[in-house]
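K.L.:
Sequences are here, hints too, so could you generate the full structure?
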Amino acid sequence: MKKEAFKNPWSAIALTLILTVITGVIYPLFVTALAQLLFPHQANGSLIDRNGNPTSDASQAVGSQLIGQWFDHPRYFWPRPSATTVTNSAPAVALPYNAAQSGGSNLSPAGDAWVANVQSAVEALKKNDPDNTKPIPIDLVTASGSGLDPHISVDAARYQIARIAKARGNITAAELEKLIAAHTEERSLGILGERTVNVLQLNLALDKIAPHTP
Amino acid sequence: MTLNGWMQICLFFVVLLLLVKPLGSYMARVFMGKSLFGLNSVLGPVERLTYRVCGIRAEDEMSWKSYAWALVLFSAVGLLLTYGIERTQQWHGRLLNPAGQGNVEPNLAYNTAASFTTNTNWQNYSGETTMSYLTQMAALTFHNFTSAATGIAVAIALIRGLSRRSAASIGNFWTDIVRAALYILMPLSIVLAMLLVSQGVIQNFSPYKTVPLVQATKTTAAVTTQTLPMGPAASQIAIKHLGTNGGGFFNANSAHPFESPTALTDFLELLGETVIAAALCYTFGLMVGDKRQGWALLAAMLIILVVFMSVCYWAESTPNPRLAGMNIDQTTSVTNPGGNMEGKELRIGIAASARFATCTTATSCGAVDSMHDSYMPIGGMVPMLMMQMGECILGGTGTGLYSILVLAIISVFIAGLMVGRTPEYLGKKIEAYEIKMASLLILLMPATVLIFTAVGCVLPQGTSAMGNPGAHGFSEILYAYTSQTNNNGSAFAGLNGNTPFWNITGSFAMLIGRFWFIVPTLALAGALARKKYVPAGAGTLPTHTPLFVGLLIGVILIVALLTFVPALTLGPVIEHLRLFTATI
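Protein chains in written order, with the working numbering: chain S, 1 to 214; chain L, 1001 to 1584.
It is worth saying that the hints were derived from the structure and are not from the lab. Backbone N, C-alpha and C fix where the C-beta goes; we use that ideal spot for every residue, glycine too. Please note that a few of the clues may not be correct.
[To be verified] Pairs of lysine-lysine residues, derived as DSBU-like cross-links and limited to a Cα-Cα distance of at most 30 angstroms, are as follows: (1) K1218/L / K208/S; (2) K1531/L / K1065/L; (3) K166/S / K178/S; (4) K1218/L / K166/S; (5) K1532/L / K1429/L; (6) K1034/L / K1065/L; (7) K134/S / K1218/L; (8) K127/S / K1218/L; (9) K1436/L / K1021/L; (10) K1429/L / K1218/L; (11) K127/S / K208/S; (12) K1291/L / K1531/L; (13) K1291/L / K1532/L; (14) K126/S / K1218/L.
[What the hints assert, rightly or not] Far from chain L, by Cβ distances over 10 angstroms, these chain S residues were calculated: (15) T16; (16) A174; (17) E177; (18) K178.
P.N.:
If you want it as structure tokens, here you go:
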């Protein structure tokens, strides 16, 4: 027992160091090598260029197809609200879709603060589209968990058609309907998750078929 | 609730059950020293070299006291090393710290080290703004492997205690963790990490990337670019689920599109966090020589899981009465997710989020794919209750099995009291010492949770951290100590936990929850191993029957509800009643 008490500390220290090397260095490096070899586009952040095509060149990229961006001009499809703030700002300053500091609102859906947030999202939609009396899809007025949700629902995209057609003037509602249909992604394996529309890719396609003057 | 939602839930249980037998028998082979389909020839030399350098004699057996001593020592060294790595980040260099993260503050560094050592992965920091790549790998990924391997080792030690007869030892801690890490966690992690990368989880060492925004954003000044965080994420995320650690690479955890880009990755991560715990039941059955014993434990776990998952799904699908009259469409259809979408990702949706929330708290994983703080009151109570059952519904890798074995021992004891016979479990007489240890285990957790919650609710340092007022704020505090004491790590994240008060009380809760459970469990293993085998007689309660499964479920629920209903009434129950009945 006495001998064991002296031997054990060395075993604990040495094993910690060896396992640090195996699990903390070799393992992540091995996975990185494999990932860069087999799936370089995905492993490097799924960047896309202005045409919505995958690119490996960060200087050509306008974003990642996985990370949402904020749009609030009437001519674009709007994403879901986002609760992210300016990085390390105290007190927090709102900056929607700040990918450098992900997070949700963490507000209780039974609380007044949350209802006020929904109310202001509703008002922003109404202000830019006063004639629209359709019910607003829930995802368009609630913030996602990451604050970076790249998707909206099909209903949320359709809800915005009239506003975009009016703001652009060079595209019809029917054409927008078609564009949404072309960008609708089915559930994973046909069963998992929800049907989605990627807002960044949709807006890039929109800028391509109905260019606007800045 | 939709047919598709129920199908997503069913699919999970079907795939999980299909994996139980193959993985369970593989793990039994690992710990019974059998051949491992060629893996021995690849990793065997690494294993033997490790033993030689560390002065470990693989054939040595340990008493429960030596086993516990080795375990505590190993954890302490890991904790100190992690603290050291976090406190020296500014010298990690450009390659391993391209974002130039500074040294982590002392009390936050201590909290994080305790959190990862105890398999909790409570995070009072956001990964993308605090941790260097070196810290994420060498400190945090390391703990994801070793704390999970430690959990498996303790479970295997307890199984040995039950299956050995008149024995003085319960195995060798060093070989148990090395084998668990090398032969179980490592291969599974590599496979899962590659599946995740194929779907879009990042894995690189690039500095953070800056892209021009398609449309500028207005805040105090115009923002024209977006910074995309980078890093070796997939390798850490794979083991964070398989090891039921749950600590995210990014702040938003598995809600972040770089951590879980599709509904398929959500499903795979969910499988990852449940599969080892479920399969260990089968391993247990094999090692004690009666597979039915393992299936009985798994049945009790899955019945409770499916019931509570359904409750959570129902709560999250319910339209919110606060939105009535605002012309908002909350009904679910193929083109609208419906339900409570606050804090949830669209690609994942309501059903899969409820499924994940229930499993991540039933297991001690604590990764989140949606923000539990923004769940409906009853939807948020389900994750809390899953933890308050003592992380025995699947539970953590290893920890779940030993937790439910303790409850099985309590169950046979209660049944024994009813008929006035000495209780037995698997041919071992359950006597005063075993019941003392088991009682200690089931009393310690609620006592720790409730006392810390009471303190947190009274002191201004506790209440000032609340992110929501009233009953929900109380829920945040209750959730925090429930999660930390049970080594879960998920949070009602509105709570601002990065203050000295929360960092320090939280790390105490986590350390108590880990080591004050492991040591009595090992004592129990030692006591059981010493006992002789008693053949089953006419008065023995069979422990593989539906009757026993029912009894076990009853004991689990009664113990959890008796201790926690008063506290839950003050939090989620009141909030629910006010939301649905009162006119506010």
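K.L.:
Under the criterion that the straight-line Cα-Cα distance not exceed 30 angstroms, is the pair K134/S, K1218/L satisfied?
P.N.:
holds (28 angstroms)
K.L.:
Decide, holds or violated, for the assertion that all CB atoms of chain L are farther than 10 angstroms from the CB of T16/S.
P.N.:
Contrary to the label, T16/S does not stay out of reach of chain L, its closest Cβ about 5 angstroms off (not over 10 angstroms).
K.L.:
Would the hint linking K127/S and K1218/L be met if the CA-CA limit is 30 angstroms?
P.N.:
Holds, at roughly 18 angstroms.
K.L.:
Closest CB-CB distance from A174/S to chain L, is it above 10 angstroms?
P.N.:
holds (18 angstroms)
K.L.:
Are the Cα atoms of K1291/L and K1531/L separated by 30 angstroms or less?
P.N.:
Status holds; Cα separation ~22 angstroms.
K.L.:
Does K1218/L lie within 30 angstroms of K1429/L when you go C-alpha to C-alpha?
P.N.:
With a Cα-Cα distance of about 71 angstroms, the restraint between K1429/L and K1218/L is violated, given a limit of 30 angstroms.
K.L.:
Can you confirm whether the C-alpha distance between K1531/L and K1065/L stays at or below 30 angstroms?
P.N.:
holds (17 angstroms)
K.L.:
Are the Cα atoms of K127/S and K208/S separated by 30 angstroms or less?
P.N.:
holds (27 angstroms)
K.L.:
For the pair supplied as a hint, K1532/L and K1429/L, is the alpha-carbon distance within the 30 angstroms limit?
P.N.:
Holds, because 8 angstroms separates the two Cα atoms, which is no more than 30 angstroms.
K.L.:
Mind checking the alpha carbons of K1436/L and K1021/L for me, to see if they're no more than 30 angstroms apart?
P.N.:
Violated: K1436/L and K1021/L sit about 34 angstroms apart, past 30 angstroms.
K.L.:
Against the 30 angstroms threshold, does the CA-CA distance of K1218/L and K166/S hold or violate the hint?
P.N.:
holds (23 angstroms)
K.L.:
Over 10 angstroms from every CB of chain L: does K178/S meet that, or does the non-interface label fail?
P.N.:
holds (16 angstroms)
The structure is inconsistent with the numbered hints 9, 10 and 15, although it conforms to all the rest.
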